[in-house]
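Per the working numbering, the very first residue in the sequence shown carries number 1; after that it's consecutive.
By construction, these hints were calculated from the structure, which means they are not laboratory data.
Mixed in with the good hints, there may be bad ones.
Said to hold, decoys possible - For lysine to aspartate or glutamate, the following DMTMM-like pairs were computed, each having C-alpha atoms within a straight-line distance of at most 20 Å:
#1 318 - 18
#2 34 - 18
#3 37 - 18
Unchecked claim - Label pairs and their in silico Cβ distance ranges:
#4 93 - 20: 24 to 30 Å
#5 137 - 27: 50 to 56 Å
#6 222 - 176: 16 to 22 Å
#7 90 - 318: 22 to 28 Å
#8 178 - 11: 54 to 60 Å
#9 87 - 176: 22 to 28 Å
#10 186 - 19: 43 to 49 Å
#11 273 - 17: 33 to 39 Å
#12 186 - 35: 26 to 32 Å
#13 209 - 26: 22 to 28 Å
A quick note: this is a predicted structure, and the numbers were derived from the prediction, not measured.
Where is the CB? At the ideal position from N, CA and C, for every residue including glycine.
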Amino acid sequence: MSTYTQIFGQQVLVVTADPSNPTIGQMWYNSTSKTLKFLGTTTSSAWAAGGNLGTARRQLAGAGTQTSGLAFGGITTTALANTEEYDGTSWTAGGTMGTAREQLAGAGTQTAGLGFGGQDATDLTNTEEYDGTSWTSGGSLATARRDLGGAGIQTSALAFGGATTVYITSTEEYDGTSWTAGGSLSTGRRGLRGAGTQTSALGFGGTTEPPVLAATEEYDGTSWTSGGNLNTARTQLAGAGTQTSALGFGGTTGSVSAATEAYNGTSWTADTSMSTARSQLAGARAGTQSSTAAFGGDTGSVSAATEEFTGAGAPVTKTVTAT
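Let the hints inform the model, and build the full structure from the sequences given.
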C-alpha cells in the first residue's frame, strides 16, 4: 500500500534556491541556507533606503519599476543628459540623451523608455526613445513645454499640462512615431504629475503660481474629467501606478513635503510618508501602488538618494524562526 508521501511527495518543498515566482502562502525549505521560508504579505507600508544615484540631480524624469528603474536628464548646476539604470540595489550608467534637459517627463520601462519636453536654454519639443542601451530621436511635440505631466509607454504615451509663457491645458498622444492632439485639461498648470496609460490616465497636483493645486483629473483617451482632490495640495511631486491604483509622493507646498497618498479611482488617502522630504524628484513610473521607487530631487540641496516603497498587502518572503 502506497503512503501519502509516496503519492503526493513531501508536504514542504525542499529547494536549493528560493522559488522565483511563489504564490501567497507557499512554504519551502532552502537546503542551501538551511532556512524554512514562506511567501506572506506585508502588514503595513514603508519606505526604505535604496542605492544612491551616481549623479545627484533634481528636475529629472523616471521610468521603469522598483527593480528595473530608469533615471534621466535633470539638473545639478547645468542641465544633464546622462542616464542611470537601477536593478533594485544600485544604479549604473546608461546611454546619454541626445539633448541635455531638465523639467522633462518620462514614460515606459528601463528597456523601452521615453523622454519628452523639458527645458535647457529654451522650452523643448524633443522626444527621445531608449532601448536599454541608447537614445534615439522620436517625433516632436506640437507644443514646447516644461514641467509637464506624462503617462503611458513608449509606443502609447501621453503628455499634458506644463508651461511655456503660459500654463498649458493641451494634451498630446504619442503612437511611437508622432504626437497628435488629445483632450484638454480643465485647468492649465505646471508641476503636475501623472500615472496610468494613454487611455486611462491620471493627472494630479501642480501650480498656477499661485496657488498650489490639489486637483486631480482622469483621462479616458478622449477627455479629462474631475477626480478626487489630493489631501495635500502640492507641485513638483512624483507619481506611479494606474488610474484606479496610483501613488503620489513628495513635492512642495511652499516647503518640501514627504507626504505619500494612495488613489483608489475615487479618492486619495494618506499613506506612510517618505523618510526624506523632497520636491522635483522622479519615480519609477511603471511601478505599482504597492511597489515603486523615488529618486533624486531637492531636499534643500540636490539629492542622489533613492527610496523604495512597499505597500501594505504586498508579497514578502518571510523566514520561519524558533520562538
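Hint-by-hint comparison with the structure:
1. 318 - 18: The hint holds at about 11 Å.
2. 34 - 18: Given that 20 Å is the threshold and the Cα spacing comes to 11 Å, the pair holds.
3. 37 - 18: 8 Å, holds
4. 93 - 20: 24 to 30 Å: Given a distance of about 28 Å, which is inside 24 to 30 Å, the answer is holds.
5. 137 - 27: 50 to 56 Å: Hint holds: Cβ distance 51 Å, inside 50 to 56 Å.
6. 222 - 176: 16 to 22 Å: 20 Å, holds
7. 90 - 318: 22 to 28 Å: 25 Å, holds
8. 178 - 11: 54 to 60 Å: 58 Å, holds
9. 87 - 176: 22 to 28 Å: Between residue 87 and residue 176, where Cβ atoms are some 26 Å apart, the hint holds.
10. 186 - 19: 43 to 49 Å: 48 Å, holds
11. 273 - 17: 33 to 39 Å: 36 Å, holds
12. 186 - 35: 26 to 32 Å: Between residue 186 and residue 35, where Cβ atoms are some 54 Å apart, the hint is violated.
13. 209 - 26: 22 to 28 Å: 52 Å, violated
Of the numbered hints given earlier, the model fails hints 12, 13; all others are met.
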